[in-house]
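Q: Residue numbers (numbering that gives the first Met the number 0), protein chains in the order written: chain C, 0 to 153; chain G, 0 to 765.
Since the hints were derived computationally from the structure, they do not count as laboratory data.
Remember, it's a predicted structure, so these values are computed and weren't measured experimentally.
Be aware that a few hints might be false.
Which chain C residues face chain G? A few, computed with CB under 7 Å, are given here [stated by the list, open to error]:
#1 43
#2 52
#3 54
#4 56
#5 60
#6 61
#7 90
Ideal Cβ placement from N, Cα and C applies to all residues, glycine included.
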Amino acid sequence: MTYAAKSLTQGRELIAFRIGDQEFCVNIMSVREIRGWTPATPMPHAPHYVLGVINLRGAVLPIIDMSLRLGMKPAEPTVRHVIIVAQVGQKAVGLLVDAVSDILTVTDDNVQPTPDIANEMTKNYARGILAIEGRMICMIELEALFPHIESEAA
Amino acid sequence: MDMNEIKEIFFQECEEQLAELESGLLKLNDGDRDPETVNAVFRAVHSIKGGAGAFGLDDLVSFAHVFETTLDCVRSNKLEPNQDVLKVMLKSADVLADLTNAARDGGSVDEARSKQLIRELEALANGEVPAASEAPASKPALASQAAAPAPAAAPAVNDEGFQPIPFSFDDFGDEEKPVAPFAPTCEILFHPKRELYSKGNEAALLLRDLSRIGEMSIRCDMDSLPLLEDMNPEEAYFSWKISLVTEKGEDAVRSVFEFAEWDCDLEVRTVEEDVEADAGDDELPMQPVPFDLSILDDGDAGATAEADEPAEKEPVAATENNVVPMAAAARAEAPKTETRSAPAAQQAAAAPAAAAASAAQAAAAAPTIRVDLDRVDRLINLVGELVINQAMLSQSVIENDNNGVSSINMGLEELQQLTREIQDSVMAIRAQPVKPVFQRMSRIVREIADVTGKSVRLVTEGENTEVDKTVIDKLAEPLTHMIRNAVDHGLESPEKREAAGKNPEGTVRLTAKHRSGRIVIELADDGGGINREKVRQKAIDNDLIAADANLSDEEIDNLIFHAGFSTADKISDISGRGVGMDVVKRSIQALGGRITISSKPGQGSVFTMSLPLTLAVLDGMVVTVAGQTLVVPLTAIVETLQPEASAIHSFGASQRLISIRNSFCPLVDVGRILNFRSTQANPVDGVALLVESEGGGQRALMVDAIQGQRQVVIKSLEANYTHVPGIAAATILGDGRVALILDVDAVVAASRGQSLKQEISLAATG
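Let the hints inform the model, and build the full structure from the sequences given.
A: Put into structure tokens, the structure is as follows:
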């Protein structure tokens with residue numbers, strides 16, 4: 000049972016962020032910090048959603064365009080964009096998102112299963128849907144989003 | 000903490016003890032007769048034995064026990080540590096190291112070898128001398144003799160047909176006694192007053208200083224010591240009576256007490272009569288207290304086994320016991336009768352040994368702590384970040400502040416100095432002396448000398464030169480290879496050497512020193528030098544050069560670094576597998592180093608390695624490629640040049656060559672290889688970096704512009720990302736941005752048609 004799934008049953012805090020007009024959330028325990036956008040150094044031969052690497056207090060941190068990774072259009076980073084520094088396995092990764100919108104405390108009751116209509120890709124990482132104050136927030140499992148990192152750490 | 004952890008600590012300590020053991024034995028081998036050296040060696044073996052016993056490592060215990068017994072004979076002057084004895088002991092140290100490793104990692108040891116050594120050690124302990132060496136014991140100038148080679152004896156000890164010859168130890172002591180020069184004895188009565196202690200002086204330290212100027216024995220008078228309830232902790236109750244055998248005279252003795260003279264009762268007189276007789280008609284009712292501190296930390300090692308407990312001493316002295324160097328203890332510990340009857344060599348050696356001891360103590364006394372390497376690395380990372388941040392801060396202050404507020408600027412400058420200083424000190428934490436590697440080499444030399452039947456002496460210099468730990472770890476392998484080569488190929492056989500009028504014992508000299516921010520390690524042998532005719536012929540036979548090639552001596556020497564080159568007539572176990580020097584060169588280059596060779600026929604060869612002090616920083620050329628900043632390691636770059644249109648020639652569909660001094664060199668567009676641009680750039684607009692790659696071939700790397708040259712801190716890409724083909728690592732520039740460090744070998748390999756592109760993705764599928 001992964002950490003994200005375990006916390007689900009116990010009712011834990013999630014951090015919600017916005018990409019375009021959609022909202023997503025991840026387990027707050029995997030988030031190390033949130034920082035502003037700084038230009039990244041492009042990496043050769045990297046997947047298209049890897050924007051490059053930045054300097055995070057001496058560590059080299061890869062930056063992922065979450066919009067592209069989730070199958071939407073490429074982000075056009077501005078100073079208003081933020082980078083969520085998340086821990087996936089043993090590695091740190093920076094997630095470029097439009098904005099951080101909320102910190103949520105949820106219990107099992109708030110979580111609805113991912114609807115059938117979602118495509119295969121979404122099914123891979125989506126772990127349910129939250130309905131909060133009329134908004135719909137999709138819960139993401141980072142380990143599923145970056146299995147490569149996870150497997151290397153394991 | 001579970002048992003395995005404790006065991007791991009034991010093995011770590013074993014390593015230290017083994018190093019101590021070996022360096023002690025080597026010191027003895029060089030003629031050092033300081034009893035403290037013998038004691039250190041003894042302690043090392045004893046500690047290993049003790050620890051091994053606790054973990055039930057029986058093989059280790061039984062071997063260490065025999066070894067210890069023999070060492071005890073040396074310690075108690077029953078066995079003269081001459082060259083032959085030390086040869087056996089050095090081999091025993093090797094076996095002890097093997098046994099320790101076997102106990103740690105499993106695996107087996109050469110039992111025949113350890114059994115053979117146990118026999119030899121026991122023979123030594125029983126007063127038998129190795130076959131070919133009755134002679135040394137009767138020679139008076141042993142200390143200087145020991146340093147000289149004993150070539151004839153060397154092979155004899157190794158022989159399986161070891162012949163013990165019964166030998167009586169009465170031979171030296173008594174014979175030597177009449178001729179032994181007798182240094183005058185100083186009788187010193189030293190009674191400190193309480194003021195001496197209150198002024199921060201310390202009797203034990205004064206006594207230690209005394210011990211350095213001669214052979215000393217001490218008696219402590221404790222009669223004035225009151226009962227515990229009456230005792231004033233600040234009062235001085237003890238006095239000492241010291242007999243000092245010294246040639247330096249009363250003045251030297253008085254100068255020791257120079258600053259304490261007013262706070263103590265001091266009597267110094269020189270007596271010509273026998274020390275012992277004097278001690279006999281003692282006017283003061285003194286009780287002898289052995290100054291044996293080693294029993295404090297050494298269990299049953301106190302061979303003198305006096306009943307008097309150190310605890311009986313004056314409180315002040317007792318608490319300070321730890322700071323009294325063992326040398327003082329050791330010298331005082333030897334019973335006077337034995338001192339008198341000991342070989343003259345010991346007395347003769349005492350004075351220089353005392354001088355050496357003070358130097359050795361300075362080196363040994365510094366306290367150390369064990370720190371996890373990860374913690375140090377984290378600190379280094381943070382400091383690196385601090386330096387970058389400080390640079391960024393300075394830059395933004397300068398940009399935003401046109402008024403030039405001098406206080407801010409001054410503050411920034413001070414900050415800059417501080418950060419530099421912190422960086423240097425933190426880097427120094429990782430720096431370690433090269434000593435352990437050098438010590439390992441002495442074993443290699445011993446083994447190889449045995450196999451080849453050559454007689455070799457390894458001289459090391461500058462073993463305290465410090466360099467980053469990672470460099471040290473990676474140095475051992477190439478160095479081993481080179482040492483083997485030096486002994487196997489470099490040095491001639493003893494007969495040939497004698498025929499050439501050289502000392503039949505060859506010398507290999509290993510030197511380390513700092514030079515302009517790098518460490519330079521030199522390996523010199525006094526052998527025959529490189530046989531250039533043979534090298535040349537071999538190169539022609541192997542199609543490395545044309546038969547009529549006109550090569551300078553230097554070029555011929557450098558041929559030995561070519562892959563698949565070996566001049567040894569017969570391929571031996573040791574070297575000559577043809578993977579020798581090219582492997583060495585490659586591993587040195589992988590460390591960011593260079594290796595050069597110089598050789599004089601008949602006089603030997605010198606290999607010089609120049610290595611960076613740390614692998615955490617790298618000298619790089621900062622270049623621009625397709626708008627990106629890249630760093631090219633400086634060690635790879637041979638030269639830089641501005642290509643002219645006339646020098647560029649198309650070759651095939653997409654290949655281009657550049658002509659440099661009439662030779663053609665493939666042109667590699669770095670931007671294209673790294674996929675930074677889709678079409679090849681025009682070479683005339685850029686700069687070409689001529690690089691030499693691992694394979695030996697040259698390539699011209701095309702970049703857009705050169706920004707400059709600077710030292711960069713290496714950052715791992717793999718820590719949070721993954722390995723990227725063509726990129727060795729990353730670094731952070733002064734503006735805080737990440738720049739990638741080019742992997743020149745991979746780029747060159749890619750240009751040869753091997754694909755650089757390998758599927759890398761953070762996610763399995765999109």
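Q: Confirm or reject each hint.
A: Hint by hint, here is what the structure shows:
1. At a threshold of 7 Å, the smallest CB-CB gap from residue 43 of chain C to chain G is about 4 Å, leaving the interface hint in force.
2. Taking 7 Å as the C-beta cut-off, the interface hint given for residue 52 of chain C holds, the closest approach to chain G being about 5 Å.
3. This hint holds: residue 54 of chain C has a C-beta 5 Å from the nearest C-beta of chain G, less than the 7 Å allowed.
4. For residue 56 of chain C, the interface hint holds, the least distance from its beta-carbon to any beta-carbon of chain G being 5 Å, beneath 7 Å.
5. Hint status for residue 60 of chain C relative to chain G: holds, with the closest Cβ pair at about 6 Å, below 7 Å.
6. Interface hint status for residue 61 of chain C: upheld, as the beta-carbon distance to the closest one in chain G is roughly 4 Å, under 7 Å.
7. Checking residue 90 of chain C against chain G by beta carbon gives a least distance of about 5 Å; that is within 7 Å, so the hint holds.
In summary, this structure violates none of the numbered hints.
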